[in-house]
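Participant: Make the full structure from the sequences, and use the hints.
Chains as they are written, first to last, in the numbering used here: chain A, 683 to 1145; chain B, 3 to 848.
These are calculated hints, taken from the structure and not from any lab test. In this text, a Cβ means the ideal position worked out from N, Cα and C, and glycines have one as well.
From chain A, some residues computed to sit far from chain B (all C-beta separations above 12 Å):
id: 1; residue: T690
id: 2; residue: V771
id: 3; residue: A816
id: 4; residue: D887
id: 5; residue: W892
id: 6; residue: S912
id: 7; residue: R963
id: 8; residue: R1104
id: 9; residue: H1134
Pulled a few chain A residues facing chain B out of the computed Cβ check, cut under 10 Å:
id: 10; residue: E706
id: 11; residue: H708
id: 12; residue: S835
id: 13; residue: T843
id: 14; residue: S998
id: 15; residue: T1030
id: 16; residue: T1062
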Amino acid sequence: MQLTITTTHRPATDLGYLLSKNPERHQTFELAFGIAHVFYPEATPERCTVALVVDVDPVGLVRGRGDADGPLTQYVNDRPFTASSFLAVAIAQVLSSGLSGNSKARAELAASPIPLEVEVPVVRCRAGLGKLRACFEPLGYGVDVEALPLDTSFPDWGPSTYVRLTLRATLRLSQVLQHLYLLLPALDGDKHYYVGSDEVQKLLDKGADWLATHPERDWILSSYLKRQRSLVREALGKLLTQPEDDVGEADREREAGEQQLERPLSLNERRLEAVEDVLLRSGASRVLDVGCGEGRLLGRLLEHRQFRNLVGMDVSPVTLERAAERLRLDRLPPLQRSRIELLQASLTCRDARMSGFDVACAIEVVEHIDPSRLGAFERTLFEFARPDCVVVTTPNAEYNALFPNLPAGRMRHRDHRFEWTRAEFAQWARAVCERFGYGVQFFPIGDVDPQHGPPTQMGVFRR
Amino acid sequence: MSTLRIPELSLVALVGASGSGKSTFARTHFRTTEVLSSDACRALVSDDENDQAATRDAFDILYYIAGKRLAAGKLTVVDATNVRPEDRKRLVALAREHHVLATAIVFDLPERILHERNAARPDRNFGPHVIRSHVQSLHRALRGLEKEGFKLAAILRSADEVAQAEILREKAWNDHRDQHGPFDIIGDVHGCLDECVQLLRQLGYAVEGTREAPRVTAPEGRRAVFVGDLVDRGPDSPGVLRLVMAMVAEGTALCVPGNHDVKLMKKLRGRDVKVSHGLAETLAQLEGEPDAFRREVADWVYSLVSHPVFDDGKLVVAHAGMKEALQGRASSAVRDFALYGETTGETDEYGLPERYDWAAEYRGSAIVVYGHTPVPEPQWVNRTICIDTGCVFGGRLTALRYPERELVSVPAARVHYEPVRPLVVPPPPERDAGVLDIDDVLGKRVITPRLGRTVTIREENARAALEVMSRFAVDPRWLIYLPPTMSPPAAARDGDLLERPAEVFDYFREEGATSLVCEEKHMGSRAVVVLCRDESAAARRFGIRGDGRGVIHTRTGRRFFSDGASEEALLARVDAAMAAAGLWDELGTDWIALDTELLPWSAKAGDLLRSQYAPTGTAAGHALAASSAWADRAATRGVALEPLKQLLQRRGAAIERYVAEYRRYCWPVRGVEDLRLAPFHVLAFEGSATLHNDHRWHLALIDRLCAADSTTFRATQRHYVDLADAASVASATTWWRDVTAAGSEGMVVKPVDGLRQGRKGLVQPALKCRGPEYLRIIYGPTYTEPENLERLRQRALGPKRSLAVREYILGHEALHRFVEREPLYRVHECVFGVLALESEPVDPRL
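Facilitator: Here it is, written out as structure tokens:
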């Protein structure tokens, strides 16, 4: 990873004083993750360029030094070569006097805007070129970007997420270095170390003068802090010099507003409402939620005393852990706690633990099952578990035509194995009824389009 | 001196007042772990073995442990006074629950001795009235013990008798574990004498003599086992009885009783039974026989053991089958199960009792062979098989040869008796043996494969595997194998290589394998091909309908192709090559499983290439180009940075070689015609699991496929090595350099003759030796830099090697179980195990 900084301020070689690095020498600095080289490809009174090249130790990054493992798990990695948090650390450690703006020999120059040009040969920018411009242009930079190809031998692999970045501005050197220090890792979107409260302090130190009013402030904070909301809130509070709670309040108000706005639109919400309604009216007390995910339905049901026994099942242990967290299982009072249970299970295995329920729900589950495994799923639920009632919801594929961002022929989720039209769902449901002795009723969920029907369809099966 | 006979598996109650010497007796005659003492249990829950307040809790755990021991088939001695009837009642109930006998040993010592003993013990501070009450209760109990359900082993009336008593553990009637066969197990005969004789002859038995005095000679070492129902409905029940009774008397046969035999016995003994279901015919036939014979028949049937357990517990024969929990047990419930099986209590449309399908849920390790319910075709269901093929109804008389598991049958001469219920019952839409139960996969599992040591699957690994299997894997019935991981050699100790052939050869030399084959290692994606000749073969052999006639899946059991058309097109090519090479006919199979590498790498690893390999290449290339240019300009200016310039150049060259390396495993795939399949193992086909075969056999067979279709199949270059010959070793090393330079990832080295036992168990079935350029895409583009190489030489191979062997053993086991037509859950357990083992933390670069 590397960058160059060039000035045409005369005498340009004063850049050496600002950085405390002699233009005539090649200097090296040992860092935790490799060696930084500083040298000057060009050093004339008219134009002077300093290069910072960091030779990252790729084996050390995986194996670590000493006992602990390194921060990366892959030897084949772009990290040693892109302008990322590693480069930010190198800037702070190697170009510290430039960054702080303290120059004994050229104090006045350090405090003056001078024409500067920054070249970063490889920046990873997943958020797109627009975001990159939006980050730098408001700070007064002229921005030049060149997208780098992924592999010239295989053009059909498409473009890479890397760009060559050139920035031009008349600013103090310390300002430019501060911008790079915060914005390069934010654009890269990854950190090679644990992101904690320390990071908030770095943001305040390096961004105090310019970040508060930056139009992309929130995105930069969020990306720099790896989308940890509590940290973002803390940083925002300190940056705007407000007490933290106020910001939290403002944040919450805004969120509530957003939800209010979205409420009529949130399909998930309406789906859960519809299912909850069916369950309440059915008089069921023992409810099984297969494919319970993070437990959103269970959380709603827990609020009704009617449901004495709630069991959520999911095949993913990680998802179940998140569900337990979301439902705060470890903090529920004992009586409440005894009403709910989360279990790992597979929808294609007969499972005695699924027996004895009044209702089983499979909310947005069936479309995640391979068509060839549907038979096993049907038997698990309708033949072996055999609850009195089964509630199944699934997307209505016809409605996809109305989603502006969904290309034709694509499904709503990467893991969907199929999406049924209303007719297909009905055909499947009727076949299930015939085979296992159930009857079915269909209900729309969401706003019904006269041509395409509702976004989600629900089948309620009863023995 | 008295000898107390105690069934080997029973619940033994010591009955006697406090101080009568029960604990000392128990210590003398039983193992510590066999004795559950109420005093000890009191101590466990209260720290005080005399704390009467703890009695209730103490007995709770005593009964709990007793229950667990009996369920596990362990003799259990209850050392408590057991003088109160309610205590004994619980013991009898417990014994019945586990279908074991309850045995009582009574200590009826003179009261005077009891008082003396208790007085001498400082910890027994209860008064003499307690002893007196014990003794009185005991005396009241004595007469009724057998009525309560105990077998009375002895009443010991003096200290001398107690001291001199000896315990003799008696084997259960049904314990034939020391008899290993081979057996010929014969289905329900029902008076079909001619067919029975014909079947015996077909099995190699010489049947001579007359109908009244038959003489049967068994083939060397073999014995017939009749599953019962010798009589009723058929033309000559007395003739069958004479034949089988003679065989049993001579030791050429064993027989278990069937419900018809028992009913006949009851009738002959004058009991009032309903004469139906063909009993009338038997009685009429017996009219012509002497009285003595009728008595003999009744006594003989009475003497038969209902469900013998053979061959170290691996085989159980019972007329109507036997659940796992009841095997080897003794109770009237067990005997009833053996005679009648399990019924739901309802009757079917023909008025016959509806049978509960215990076999569908059977998960025992013993094979259960039974009859009782006529079936059109004997079928293995979870290690059980019903071999009653309805001879008397005009079907066939069938025998199962054990341990060969071959079925031999003769057709009925005619319909001797019209069945009430038609013999041909429509088969259920899908065999229940194809259903997996969550208990078949979840939780910690211990698998016992035939290649030796057991393999343990940790619970958290099973959890991870369950998710992968459920969400992504193909129908588990297709999954008869998942490939094992493979270890590299120890790192080269010196030189500029990380891996080289020398260390591979060192390993095999030390393990005593000197004849090796080196096979070119193709760089693509692992693909297991399971192919049937048509969909009906898929339905017949795999139980799969409507999911194509085969599958191509990855090493984690995922379908290789997201569209069925590509899969079918490639399968069609394999099928055509199989046919063209004449292999379908030669192997006598309509399905085959191959282990292959599917090329190019980019066909399956496109995501990985686009998200990791190519980005690293392009980022590194541009980064180093820029840095080099800057360094050049600085050097031109006279700045001294020659070492940095050289470093950047070296790095740049390494990146270029890295990019060239991954590129050569990529080419555009427009359709199936651009794919190449490189098979290297024939895994299995009908009747044979061949993973462990000699590699010359594998390669010869695969060469014929390649010859039949050289476009689809890519041949595997190979080089044979004799480690005793230095020239051979040297030429193998050169060969490795050549194939890796020419585009192979590296080579795989295997002992030619397949499987080998080494110094510590199984030798690695294969080691891989990867080429130096290929390793750039494993260890990073610049791994060859000396300071990197030195660090990378440190690598721990132990876990990887252990994993490779365990996964191989499980894959091998899965194939064998499938070929032997074991139930799905038994095959799946192994395949699932391979996937679960893959979650073990092992360096992924090895």
